[in-house]
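There are 2 protein chains.
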Amino acid sequence: MSLLVIGTVAFDAIETPFGKTDKILGGAATYISLAASYFSKNINLVSVVGEDFPQENIKMLQRHYINTDGLQILKGQKTFFWSGKYHTDMNTRDTITTELNVLENFNPVVPEAYQDCEFLMLGNLVPKVQRQVIEQMKTRPKLIVLDTMNFWMDIALEDLKKTISMVDVLTVNDGEARQLSGEYSLVKAAQKILAMGPKYLIIKKGEHGALLFNKDQVFFAPALPLEEVFDPTGAGDSFAGGFIGYLTETKDISFENMKRAVIFGSAMASFCVEKFGTEKLVALTPKQLDDRIQEFIDLVQFDIALIS
Amino acid sequence: MSLLVIGTVAFDAIETPFGKTDKILGGAATYISLAASYFSKNINLVSVVGEDFPQENIKMLQRHYINTDGLQILKGQKTFFWSGKYHTDMNTRDTITTELNVLENFNPVVPEAYQDCEFLMLGNLVPKVQRQVIEQMKTRPKLIVLDTMNFWMDIALEDLKKTISMVDVLTVNDGEARQLSGEYSLVKAAQKILAMGPKYLIIKKGEHGALLFNKDQVFFAPALPLEEVFDPTGAGDSFAGGFIGYLTETKDISFENMKRAVIFGSAMASFCVEKFGTEKLVALTPKQLDDRIQEFIDLVQFDIALIS
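Line by line, the protein sequences give chains B and D.
Under the numbering used here, the first residue of the first sequence is numbered -13, with each subsequent residue one higher.
Under the numbering used here, the first residue of the second sequence is numbered -13, with each subsequent residue one higher.
Same shape as in the complex, but just chain B (with noise of 0.2 Å):
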């Protein structure tokens, strides 16, 4: 099976409590891609950058067996730029700088070669540039899932529904469901959520974890106590390519499938979290995955007798 990853290839420089980068290599879809590559080697990336993009980003991407060749690259442009800085709780930031640059008209266009996708992960963009790509697809995939923010709910709120409707699972954080389904108990915004069309939700709550609903089951993955959290950029979009990417490496698109999956996300998002930007994941070993996921396993595992 094969994986479409469309969403942002940025740089972002970044500010925290333990120090401050220049530009690096971001966006969404990066951390996206990278995260997913630990589990598929069929990748396959939509996404523009500008002609300041250095080849060696490009090169690394195609270590990590991801697809390039629907990266647009625009000439004459400048790649989009973030720039934020983190408060000590880490929970919170500040943007500093956003220059839009070759996004201001990002038009997607999924090459031939993609067509067979039956994955699609839709990175978080405007609603209808990610619409786009699903109206693009001929073959529908087996599984679309779409991340978004408050952004979009404040700006372009019809419009993300639209899209939220044509897809399969929708990832957003805690306070995104509460904003999205106007209830203040999560369990109460899932149901809502999941009347608007996805039969999955993943709410994710940061260093608190994340929740997999569907209409009739629930599942709880915890997020790593961490000594340190060290630069929480990404940390949402490696989730979700752990999720994607394990998902697509396996076919199996059960609950019981997706708890895996979501284990797994919180594995490559506890690593991200690290080190500044992807540093940590363009160089992860399967042992370190594994040890990570032994420590998930312990963290929760428990072994009970009913009482009556």
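Hints were generated in silico from the structure; no laboratory data involved.
Treat the hints loosely; a few may be bogus.
Because identical chains share one entry, a pair is satisfied inside a single copy or across any pair of copies.
To be verified - The calculated lysine to any residue pairs, modelled on SDA-like cross-linking and capped at a C-alpha distance of 25 Å, are: (1) Lys6 - Tyr170; (2) Lys128 - Phe288; (3) Lys261 - Tyr170; (4) Lys191 - Leu285; (5) Lys191 - Gln203; (6) Lys178 - Glu214; (7) Lys174 - Leu86; (8) Lys174 - Gly56; (9) Lys174 - Asp284; (10) Lys201 - Glu90; (11) Lys273 - Asp202; (12) Lys191 - Pro3.
Following the hints, complete the assembly by docking chain D onto the known chain B.
Just chain D now, with coordinates in the frame of chain B:
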């Protein structure tokens, strides 16, 4: 084995977005004892109330196998009273009234018949008073669990640290763990707090679950995602009661068994918040408890094969 519970028995008046109550039965020791009574039939209470405390409440406690011989009833005095109002998020509240009454000069006396208790639960109280109880025990209990709060960190930190150094398990919430340790990372906070004396630390995160630490291990118990949190009052105490009640009954203080105890504690907390005050805790069936435990198993249980 038997359990000794020290803490407040009180009247509460509670307002939440779902309604408000008149003076109802409350107090840390009340919630702890009631929750523990679903596991142990040998619970001994030390607390103090005024002449205004209804006999029917005492009878209710006794029906839950709670020995009230150590419950002092002070003639001509009034029971401790607290009233508060919860905000919409249910995570924060304003105290409206605190009338210490009988608590002002509470001098706990451990009856001779309680001296053989092997499990001791010190509910939130003045740290010096908690210590007086430990010092009254002729034989040190097998396990001493201490609950406390930020208030004592603000006004009696050295006293609190002295008491903490004498116990086996400390329970605090995440904000309190950060305050006590001066560390934002809960992993680092746990290491610092364990260096203060306790062999185990439980960090309660409310709707985000609870972490159990010892020097080398960590276990995470989720909170059950609920449709409604009706009244959070007593949730932490119900957690502690389920935890210590289960340990008392199983007589096993290994880390493996403490993991189970944390799950039972979480189950009792999840029941507690579904109704006002102690309403739900006074009338649970073994079947209800089993069903709830099964929900916890279903919520976090997954079956994963490592990759390499």
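Comparing the hints with the structure gives:
Taking identical chains as interchangeable, the C-alpha atoms of Lys6 and Tyr170 lie at most 25 Å apart only when they sit on different chains, with a minimum of 20 Å there against 35 Å within one chain. When the C-alpha separation of Lys128 and Phe288 is checked against a cutoff of 25 Å, the pair qualifies only between copies, where the shortest distance is 23 Å, while the shortest distance within a copy is 34 Å. For a Cα distance limit of 25 Å, the shortest separation of Lys261 from Tyr170 across copies, 18 Å, qualifies, whereas the shortest one inside one copy, 33 Å, does not. In this homomeric assembly, Lys191 and Leu285 come within 25 Å of each other (Cα to Cα) both inside a single copy, at 17 Å, and across copies, at 16 Å.
Taking the closest pair of Cα atoms, Lys191 and Gln203 come within 25 Å of each other both inside a single copy (18 Å) and across two copies (23 Å). Within a single copy, Lys178 and Glu214 get their C-alpha atoms only as close as 35 Å, which misses the 25 Å cut-off; across copies the closest is 15 Å, which meets it. With identical chains, the CA atoms of Lys174 and Leu86 are never at most 25 Å apart, being 36 Å at best within one copy and 39 Å at best between copies. In this homomeric assembly, Lys174 and Gly56 never come within 25 Å of each other (Cα to Cα): the closest approach is 39 Å inside a single copy and 44 Å across copies.
In this homomeric assembly, Lys174 and Asp284 come within 25 Å of each other (Cα to Cα) only across copies, at 19 Å, whereas the closest approach inside a single copy is 30 Å. Proximity of Lys201 and Glu90 under a CA criterion of 25 Å is satisfied in neither setting, with 37 Å inside one chain copy and 52 Å between copies. Proximity of Lys273 and Asp202 under a CA criterion of 25 Å is satisfied inter-copy only: 21 Å between copies versus 35 Å inside one chain copy. In this assembly of identical chains, the alpha carbons of Lys191 and Pro3 lie at most 25 Å apart whether taken from the same copy (21 Å) or from different copies (24 Å).
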